[in-house]
Amino acid sequence: MPLAQSLVRLAYRQQASAGYVRIKGFFHKLLTDPRSHRRALFDGFMIMLVLSSVMLLIYEVRHPLGPWADVFELFVVCVFLTEYLLRMWLYNDSHKILIEHWEKAELMGLPFRAGPALWAILRRKLAYATSPMAIIDLLAILPSYRPLRFLRLFLLFRLLKLLRYTRSLSVFGQVLLEKRFELATLSLFVGSVVMIATVAIYLFEADAPNSKVQTLMDALYWAVITVTTVGYGDIVPITPEGRVVAMVLVFAGIGVISFATSIVVMAFHEKMRELRDNRVFAAVERQSDTTIVCGYGRIGQVVAARLAEAGDAFVIVDKSEAAVELARKQGYLAVAGDSTDGALLANLGLGRQARRVLCLTHDDVSNVYITLTARQVAPDILIISRANKAETVRKLTQAGATHVVRPYEVVARMAAEFIGQPVAFDALYDVVTRAAGVHLEPLAVHAGGWLEKQRIGEIDFGAQHLILFGVIRPRTSPGVDGHVRYTLGGRHFYFNPGPDLLLRVGDILMLIGYEANLSRFREQAGRSGRRRRNAP
Amino acid sequence: MTPRYALFGCNPLAIEVAWRLSMVKQPFVLLDRDPALVALAREEGLSAEHIDYTDDDALRSVGIGGHIEGVFCLLGEDSENVFLAISARAMDPSLRIVAVCQAPEAAAKLLAAGADKVVDPYEISGARVHELIERPEVVELMEQTVFGLQDLNIAEVTIPAGSWLHGVRLSQLRRHMVQNVILLGVVDLERGKDLIFSTRGIDHNLDHQDVLVVIGPGGDVDAFREMIESPSAPA
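Listed in order, the protein sequences are those of chains R and W.
Just so you know, we're using the numbering used here here: the first sequence kicks off at 1 and counts up by one.
Just so you know, we're using the numbering used here here: the second sequence kicks off at 537 and counts up by one.
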């Protein structure tokens with residue numbers, strides 16, 4: 001069967017084609033990927049198109065428009081149609097179904113028949129076409145068919161199409177869907193009340209003189225108007241029995257209204273948090289190099305304030321709603337939730353654009369767990385963790401924390417140092433925290449810079465108003481004798497090295513000085529070696 | 537050994553401070569109102585006593601106003617620490633008082649109550665976390681050397697009354713500095729009580745009671761101190 005053969009060959013070619021995958025990926029990002037930036041732009045464009053076309057169609061009802069309106073309508077319909085077809089195409093991979101059928105036939109040793117495979121493909125596409133949003137999409141195309149006037153009604157579907165492009169609106173639909181049990185109960189109740197009232201008012205009023213209730217339809221209309229507490233007053237009961245029915249119905253109506261209101265309000269209240277969280281997730285998605293701050297206690301607050309001041313992107317997670325509320329008041333992105341939940345961290349960009357995770361909760365167990373979760377997902381990110389007990393430090397390091405901060409230790413060290421040598425300690429603290437404008441800053445020696453192959457004695461740090469605190473050198477470089485040396489992780493630290501120490505690429509100078517002097521020196525160091533040596 | 541420092545509050549923070557002090561061999565005593573906490577500290581092998589810090593006589597009995605040189609107010613409540621700082625300051629104006637605060641607004645109150653230094657544990661820890669993000673090399677360097685257990689110390693040396701440095705210029709002192717130390721800065725009383733970093737490049741006129749802040753290995757710092765304190769200039 002040559003047709004079946006060529007179909008299968010086509011399917012395999014699609015499977016192997018990088019271009020096909022790329023194009024499909026592009027449209028997936030444009031139309032369906034909720035995290036994509038491109039999709040947000042596309043949605044905005046479509047909303048504009050829908051609104052302008054609807055406005056044009058409404059205007060057209062009473063005012064004849066020129067040929068340009070028709071051209072525009074044609075354009076809109078073309079866009080809608082293309083979108084409809086693209087969405088149908090994106091819904092699944094047809095070639096995979098074909099290949100699956102082919103391989104099954106091969107395996108069983110049966111002859112391959114294209115019929116059932118094509119039918120399976122058609123069934124999948126039909127499944128898409130019958131989904132509610134696809135039906136709305138299709139109906140939104142129809143109003144432009146002029147000869148059938150009643151098709152104008154489908155204009156409403158074009159408005160419904162907006163649901164697709166605005167997440168907040170589609171939530172409304174979700175809320176109603178989630179509360180379908182309550183709403184069904186309510187409708188059943190309303191239905192029976194209305195039915196009883198209709199029958200009752202008809203029985204009492206239909207044969208009364210001067211009564212306006214002539215038909216069962218009148219009775220139903222009156223019952224609905226009354227139960228919803230609208231009460232136009234165009235039909236009123238005149239017999240005492242009819243009035244009793246009215247009184248009972250009014251009370252039932254109040255019950256119905258309050259019940260319905262409470263259902264919707266409750267549903268929205270539950271949904272509100274999710275909505276807000278979704279907004280945070282979307283905002284985080286747009287950031288790059290995010291820091292996830294787990295725990296917004298006092299330490300978390302200090303860190304967040306400093307990050308905000310430095311202009312770094314960050315998002316806060318805390319179990320307590322009150323803490324999250326506080327963070328939101330400061331204008332920070334914050335989500336209420338358990339940060340030990342891997343899915344929540346993934347939504348905040350862990351494993352994607354998140355660069356750092358700070359575990360700052362007051363609970364050591366949580367901190368270890370968050371550290372472990374984060375490290376498993378993202379092996380190369382920076383994790384800083386807080387340990388309240390000394391014995392937790394080792395566990396956190398084992399779990400994968402890059403750095404561990406122990407508040408008690410930090411405070412104890414400060415207090416104990418201060419009591420012995422207050423001036424010296426303040427000086428050091430000022431340098432480390434940059435409080436007094438004097439900084440301790442690292443400066444790397446780059447290949448080709450003028451620092452490379454310079455001796456310390458050849459650089460006049462004093463004239464630059466700088467103090468050379470020392471040089472950090474990777475352990476892989478050969479060691480140098482005759483200088484005071486300290487070990488520093490995998491590196492050596494040469495404190496106050498003598499004038500004959502030769503700088504190499506990979507060394508880091510630790511300099512103390514004012515910001516202006518440091519940046520001038522940094523700029524000098526960035527220049528190329530040759531020019532500097534020739535300079536006077 | 538007579539304790540020189542009194543640590544109020546037998547909580548984990550105080551025990552941490554106690555451990556730090558015992559590392560530098562400073563005698564201290566832990567004090568608390570809660571006998572259970574005192575017992576707990578004793579179990580850890582620390583010298584602890586049960587006293588009521590609201591009672592001035594009790595404070596006097598542990599040596600405040602006497603042999604105690606410094607007080608650490610490490611109690612859990614800001615109000616308790618304020619009360620303690622006021623009582624201690626009234627008994628000994630020269631006492632060195634360090635206090636921790638829980639709420640940031642308590643810091644000013646503690647200073648007004650007479651504390652010399654207020655440490656906000658959350659502020660400091662938060663700052664440390666941020667430093668680790670921004671400049672990990674600097675924090676690591678400091679943790680491992682100056683704050684850590686390796687032999688690199690920061691020290692302040694006060695020029696004593698009979699020193700040869702009285703009336704000498706800083707540039708002259710530099711010529712005699714053969715020790716492997718870095719002069720971080722000087723408190724020049726002619727210019728105020730604050731430390732002036734050497735990066736300012738001022739050639740200070742040194743007098744007695746001026747303070748020199750240096751960093752270096754223990755032996756070199758000791759040699760430097762000896763040179764400063766000697767009555768005659770080195771050869």
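Because the hints were derived from the structure by calculation, they are not lab data.
Glycine residues also receive a C-beta, built at the ideal position from the N, C-alpha and C atoms.
There could be a bad hint or two in this list.
As the list claims (entries may be wrong) - Mimicking DSBU-like on lysine-lysine, the simulated pairs with C-alpha atoms at most 30 Å apart in a straight line are:
1) R:Lys271 / R:Lys329
2) W:Lys729 / R:Lys389
3) R:Lys96 / R:Lys125
4) R:Lys179 / R:Lys271
5) R:Lys179 / R:Lys319
6) W:Lys645 / R:Lys29
7) W:Lys645 / R:Lys329
8) R:Lys96 / R:Lys212
9) W:Lys653 / W:Lys729
As the list claims (entries may be wrong) - Okay, the calculated bits of chain W under chain R, using three or more residues with CB under 8 Å as the criterion:
10) 565-578
11) 582-591
12) 617-627
13) 643-655
14) 658-669
15) 709-718
16) 729-739
Here is what the structure says about each hint:
1. A C-alpha spacing of about 21 Å is found between R:Lys271 and R:Lys329, which places the hinted pair at or below 30 Å, so the restraint holds.
2. Straight-line distance between C-alpha atoms of W:Lys729 and R:Lys389 comes to about 38 Å, which puts the hinted pair past the 30 Å bound.
3. For the proposed pair R:Lys96 and R:Lys125, the alpha carbon gap of about 13 Å is at most 30 Å, so the pair holds.
4. Pair hint R:Lys179 plus R:Lys271 holds up; C-alpha atoms about 11 Å apart against a cutoff of 30 Å.
5. Proposed proximity of R:Lys179 and R:Lys319 is supported: the alpha carbons are some 27 Å apart, at most 30 Å.
6. For the given pair, W:Lys645 sits about 58 Å from R:Lys29 by alpha-carbon distance, which is inconsistent with the 30 Å threshold.
7. For the suggested pair W:Lys645 and R:Lys329, the alpha carbons sit about 27 Å apart, so the restraint of at most 30 Å is met.
8. In summary, the hint linking R:Lys96 to R:Lys212 is not supported, as the alpha carbons are separated by about 67 Å, beyond the 30 Å threshold.
9. Pair hint W:Lys653 plus W:Lys729 holds up; C-alpha atoms about 16 Å apart against a cutoff of 30 Å.
10. Interface restraint, the region 565-578 of chain W with chain R: violated (0 residues with C-beta to C-beta distance below 8 Å; minimum three).
11. Counting residues of the region 582-591 of chain W whose CB lies closer than 8 Å to any CB of chain R gives 0, so the stated coverage by that chain is violated, three being the minimum.
12. Residues of the region 617-627 of chain W with a Cβ under 8 Å from some Cβ of chain R number 0, which does not satisfy the need for three, so the listed coverage is violated.
13. Here the region 643-655 of chain W counts 3 residues with a CB under 8 Å from a CB of chain R, which clears the bar of 3, and the coverage holds.
14. Residues of the region 658-669 of chain W lying with their CB closer than 8 Å to a CB of chain R number 12, which satisfies the three-residue condition for coverage.
15. Three residues within the 8 Å Cβ limit are the bar, and the region 709-718 of chain W against chain R gives 3, so the coverage statement holds.
16. Counting residues of the region 729-739 of chain W whose CB lies closer than 8 Å to any CB of chain R gives 6, which reaches the minimum of 3, so the coverage claim holds.
Taken one by one, the earlier hints fail for this structure at numbers 2, 6, 8, 10, 11 and 12, listed in ascending order.
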